[in-house]
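Asker: Residues per chain, in single letters:
There are 2 protein chains.
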Amino acid sequence: MTTTDRLDRIHRLSERARADRDDLDAILDAASVGTLATVVDGLPWAVPMLYARVGDRILLHGSTGAGALRHVAAGAPAALSVTLLDGLVLADNLYNHSANYRSAVVRGALTSVPTDESDAALIELSDALIPGRSTEVRVASRKELAATLAVELTIAPGGWTVKVRDAPPSEGAGDPDVWAGVVPLRTVTDDPIRAPWVNATTPVPESVRRLVSRE
Amino acid sequence: MTTTDRLDRIHRLSERARADRDDLDAILDAASVGTLATVVDGLPWAVPMLYARVGDRILLHGSTGAGALRHVAAGAPAALSVTLLDGLVLADNLYNHSANYRSAVVRGALTSVPTDESDAALIELSDALIPGRSTEVRVASRKELAATLAVELTIAPGGWTVKVRDAPPSEGAGDPDVWAGVVPLRTVTDDPIRAPWVNATTPVPESVRRLVSRE
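So the sequence lines, in the order shown, correspond to chains A and B.
So that you can map any letter, position 141 of the first sequence is 141 in the UniProt record's numbering, and since no number is skipped, the others follow by simple counting.
So that you can map any letter, position 139 of the second sequence is 139 in the UniProt record's numbering, and since no number is skipped, the others follow by simple counting.
So here's chain A without its partners, still in its complex pose (with noise of 0.2 Å):
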């Protein structure tokens, strides 16, 4: 095998495409934003989104008043990139410097959510980001519902692509004495910061003290 062959095997190693459902549900779920894509007058577009996945549905949310939205409610074409960064892969060669992450992105046609289920939508995305919230709170009123643009993505077979690396830098000369490795990333929750009409008194929600215990 020569050196060549090596390299090339330990970046198929460490950097690779998965093809299991199970890889590409647990990224969706651990992220809460992606940037949607999509093709407007031939040319690329791209905005960051909320979005949350419900079993082969990705919802997205947005306001009627954003006018970039309006450009994909109506089948076209988009494709959602969501992606993990992980650590940062410090190699004993800038060559071989990397990341590791991990990604995700959905192809397919982004259809409306139906007016009378995006009440029904607004709940399941809440309850997505923030497990328990839509029972603390009321829920939208008709008017709010109205000026909410749900949108949706469905994952198809073929219709995605998973990638992930996992994995220390490539080997390089392998000298011992030469620091290469890994510095990992994390996204941690800083203490809640109640909105400034609330009293310092009011409990902070069960919802609330989920998300920041859950790390």
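Mixed in with the good hints, there may be bad ones.
Identical chains blur together in the list; that is why a pair holds if it fits in one copy or across any two.
[Stated by the list, open to error] Below, simulated SDA-like cross-link-like pairs (lysine to any residue); rule was C-alpha separation at most 20 Å, straight line: (1) K163 - G108; (2) K143 - G172; (3) K163 - V33; (4) K143 - S112; (5) K163 - S32; (6) K163 - D22.
Keep in mind the hints are simulated off the structure, nothing from the lab.
Start from chain A and add chain B according to the hints.
Answerer: Chain B alone, transformed into the frame defined by chain A:
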């Protein structure tokens, strides 16, 4: 002023576009992964990429083995979307739940960095992502550079959009006894993990110590 007017005003104030170039640079420099979107055969195409801003240039880095990247290296129109999720925003009603974030989209035509400049580009990218690292390790060999595809996007006036939300939830009923507020999110580094072949006594280099302490 009607309630609707007031809500609209609050939305406008709390979530807004910013036209200041400094805001764009700050967001681009605070992140290291973006989603590159382009159009391939009329369909949207999106992939996460490491990037760094150097002045008006955004350098993106990939392997020439990454078939996907080849599509976009030939002057194709592209959009790079970068998002930092800063917090979950919990209102007193489901409709006004939101997120605090900083986001930027840079649009333009991707160009390949000429081969004789790819060494410099790799060093610039490294210096931006991990300051000091390029002086600690050997640079890339000619063979490695040949396998590196460096592409760049130029930041042009009118070619970018910044949107930021950094505020408490919309006031809603304003009841002081109902908790509403923000759960801040933040990315932290964990202790560096040395590669398997590196001695436990090999000192962690300055560049890594700086990464870990910059939080």
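Asker: So which of those numbered hints doesn't the model satisfy?
Answerer: The structure breaks none of the hints.
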